[in-house]
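Build out the structure end to end from the sequences listed, making use of the hints.
First to last, the protein sequences are chains A and B.
Using our numbering, you'd call the opening residue of the first sequence number -17 and step up by one each time.
Using our numbering, you'd call the opening residue of the second sequence number 208 and step up by one each time.
Treat the hints with care, since some could be wrong.
As the list claims (entries may be wrong) - In silico EDC-like cross-links for lysine to aspartate or glutamate, where the CA-CA straight-line distance does not exceed 16 Å: (1) B:K317 x B:D422; (2) B:K410 x B:E399; (3) B:K321 x B:D422; (4) B:K410 x B:D422; (5) B:K410 x A:D73; (6) B:K410 x A:D75.
Stated by the list, open to error - Derived coverage of chain A by chain B (criterion: at least 3 residues anywhere in the stretch with Cβ under 8 Å from a Cβ of chain B; other residues may be distant): (7) 35 to 48; (8) 177 to 189.
To be verified - Cβ pair distances, simulated, as ranges: (9) A:A169 x B:V223: 22 to 32 Å; (10) A:D73 x B:I460: 41 to 51 Å; (11) A:G98 x B:D284: 28 to 38 Å; (12) B:P500 x A:L60: 23 to 33 Å; (13) A:V52 x B:V534: 53 to 63 Å; (14) B:P500 x A:P106: 33 to 43 Å; (15) B:A217 x A:G243: 16 to 26 Å; (16) B:V291 x A:A48: 56 to 66 Å; (17) A:A64 x B:R533: 49 to 59 Å; (18) A:V52 x B:R533: 19 to 29 Å; (19) A:K260 x B:D536: 15 to 25 Å.
Don't read these hints as lab results, they were simulated from the structure.
None of these values were measured; they are calculated from a predicted model.
Quick reminder that beta carbons are idealized off the backbone N, C-alpha and C, glycines included.
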Amino acid sequence: MDQLFQHLVNAFMLGGTYALLGIGLTLIFGIMRVVNFTHGELYSFGAYIVYLAAAALGLNFFLSLAVAIVAGFLLGSLIELALLRPMRRADIDTTMLVMIGAWIVLQNTELLLWGGVAKAVPAPFAETPLVLGPVSVAPLRVFVLGAALLLIVGTYALINRTKLGRAMRATFQDSETAALMGVNVSAIYTATFAIGSGLAAAAGALLGPVFLVTPTMGDLASLKAFAIVILGGLGNIQGATIGGFILALVEEIGAGYISSGYRDAMGFLIIILVLLFKPTGLFARAERVG
Amino acid sequence: MRRAVGYFWALFLFSVPLWLQDQYLLHILIVTGIFIIAAMSLNLLLGYTGQLSLGHVAFFGIGAYASALVSLGFDVDIFGYTLVHEPWPVLAGFALGTAVAGLCGYAIGKLSFKVRGAYFVIVTISFAEVTRLVALNWVDLTQGPLALTNIPPFTFDLPGIGRYALWGKFSNYYLVLVVAIVAHMVIKRLVESRIGRAMIALKENESLAVSVGIDVTRYLVLAAVISAALAGAAGSLYAHYVKIIDPDIFLFIYTVTMVIMVITGGKGTLAGPIVGGLIFGFMPVIVRSFVAPEVQWILYGALMIAIIYLLPQGIVPAVERWIGSRVEDSQHSAADALPDSRNAGGSR
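Here it is in structure tokens:
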């Protein structure tokens, strides 16, 4: 029973960052109809920027996190402006192939720049775990969860409370009508991709110090983000938030009670079950995404 | 005339090992040939039904592992029950590898064609990742990261002559060539039949295809089964040629290689995967002497993006169009040049 509590806590700690990943991807899919294969690369990019800033340049850890998020935001807008904007009229498969090409370029550039050896990011937290009754948690992970939740709340506020958010929601519902109402849809697309990328970079930046940073860490992140997005329903932000926590829980339970070797296969299991029983995702509202 | 050009190509390909002395180039040709078979199978899905399978390497790898395991023999514990398998002939492995891959194609197709589009892509890519994890973790069966070694070569029992094992590059080249030609003919027959027209119809306009009574899911699943089975056959050839396979065979980058081959050559054309396959089969050999492998992959990715922007249809249709327009110019001087030159660019 104590073990179960520990698994639940671990899952909760991990779920926040998974939710960040999922929200970023589902935002981009919902508004732009782009299956973003660079999402995982933005995740590893965020982790590398934190490594670069904190370990190599010796910057303050918290400042490094902010730098990584801004860098992800900028790289995202660059990708959108250079690759996606000229392809606005292309169908979903064509943009998907372009994004796969961009993924290969980004990943191998990382490999070229930083080599295949895993990097460790130092974090200013005590190694000794906090013990609360039957469970113990590393202080770093508590901070990671807190930061992730803060970013999630921030994203919700951005989408529901600001003018930009309202324009994004309008574009999400019907981009043509939104354009007629004076929304600059092109700018909204760029902003969406940049925000989604920033969230992916944030997830990478937060998990970089927890795990190790490697050039291929983005591949699994992409797959997990896809699983979360399918679980929550394509384009559904609340769904992605809950989906992130569910995936973390399933992974943690699966690794704990079935086999740790298959931890990363759990996302696929979720995809299969969702497709078999509820192909529109667990939290689909009727035809929201269009 | 079309047929004559086809025979000429076949004859040329059959003559290659007779005059090509460089064993390394012959090796590259064999591996390229295997990947061309895989790319052709991917083209059936991507080019003719419009469904992108991003886990195609899973079928390739499953074919390789199944074929190798059938011919090597294995014993595993499944829920306390020990399953012992004595080694079987390689040809049986080839057949079973193809069949198992086809079955997986059926399951994946049935599962994901309910929703299609982005779902099919994501299901296939995750499927490949899971097969890699299984190959890595089911050590009893697959040896995990230690790899399956000493995989026997193809062996044929020739009545009256005795056994003939395909150890060398010379004989393996012919084996791959024959399988490639068979695969090419299977796909050609298929896409030129009623089934192929139905597939193309539902790629062009699915709702119209449905309204004229085409059972979309059935044809998509059929395409997925054949495509997966051919990829499995290619995997089996690979396993028995290189004689060692490890879980890295499931790496995503191999799927990407197949996708790039198909897109560059021209998806939805019979010659596309062959042209693209030859380009990307030999490009690493040339590029590798100049740059690091990472740079090679960066070039791959950049080239893929460039092709989508500049030649969205791929090389083969572009060449066909170019020749077509030249023929139109000189139509009066050479009346029967049209069918000939179309063939030179590859038949559609």
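Here's how the hints hold up against the structure:
1. A threshold of 16 Å between alpha carbons decides the hint, and for B:K317 with B:D422 the separation of about 13 Å falls inside it, so the pair holds.
2. Taken as a hint, the B:K410 and B:E399 pair is honoured in the structure, with Cα atoms around 15 Å apart against an allowance of 16 Å.
3. At roughly 12 Å between alpha-carbon atoms, B:K321 and B:D422 fall within 16 Å of each other, so this suggested pair holds.
4. With a C-alpha separation of about 13 Å, the suggested pair B:K410 and B:D422 falls inside the 16 Å cut-off, and the hint holds.
5. Under the criterion of a C-alpha separation no larger than 16 Å, the hint pairing B:K410 with A:D73 is consistent with the structure, at around 13 Å.
6. For the suggested pair B:K410 and A:D75, the alpha carbons sit about 12 Å apart, so the restraint of at most 16 Å is met.
7. Counting residues of the segment 35 to 48 of chain A whose CB falls under 8 Å from any CB of chain B gives 0; the rule of at least 3 is not met.
8. Residues of the segment 177 to 189 of chain A with a Cβ under 8 Å from some Cβ of chain B number 0, which does not satisfy the need for three, so the listed coverage is violated.
9. At about 56 Å, the CB distance of A:A169 to B:V223 disagrees with the hint of 22 to 32 Å.
10. The given range of 41 to 51 Å is broken by A:D73 and B:I460, whose C-beta atoms sit roughly 25 Å from each other.
11. Restraint check, A:G98 to B:D284: a C-beta distance of roughly 35 Å satisfies the suggested window 28 to 38 Å.
12. Distance hint check: the CB atoms of B:P500 and A:L60 are about 25 Å apart, consistent with the given range 23 to 33 Å.
13. Distance hint check: the CB atoms of A:V52 and B:V534 are about 57 Å apart, consistent with the given range 53 to 63 Å.
14. The beta-carbon spacing between B:P500 and A:P106, approximately 37 Å, falls within the hinted interval of 33 to 43 Å.
15. For B:A217 and A:G243, the Cβ-Cβ distance of about 47 Å falls outside the hinted range of 16 to 26 Å, so the restraint is violated.
16. Checked against the hint of 56 to 66 Å, the C-beta distance between B:V291 and A:A48 comes to roughly 60 Å, which is consistent with it.
17. Taking the beta carbon of each, A:A64 and B:R533 are about 35 Å apart, not inside 49 to 59 Å as hinted.
18. Separation of A:V52 from B:R533 is about 53 Å and departs from the stated range, judged on CB atoms against 19 to 29 Å.
19. At roughly 58 Å, the beta carbons of A:K260 and B:D536 sit outside the given window of 15 to 25 Å.
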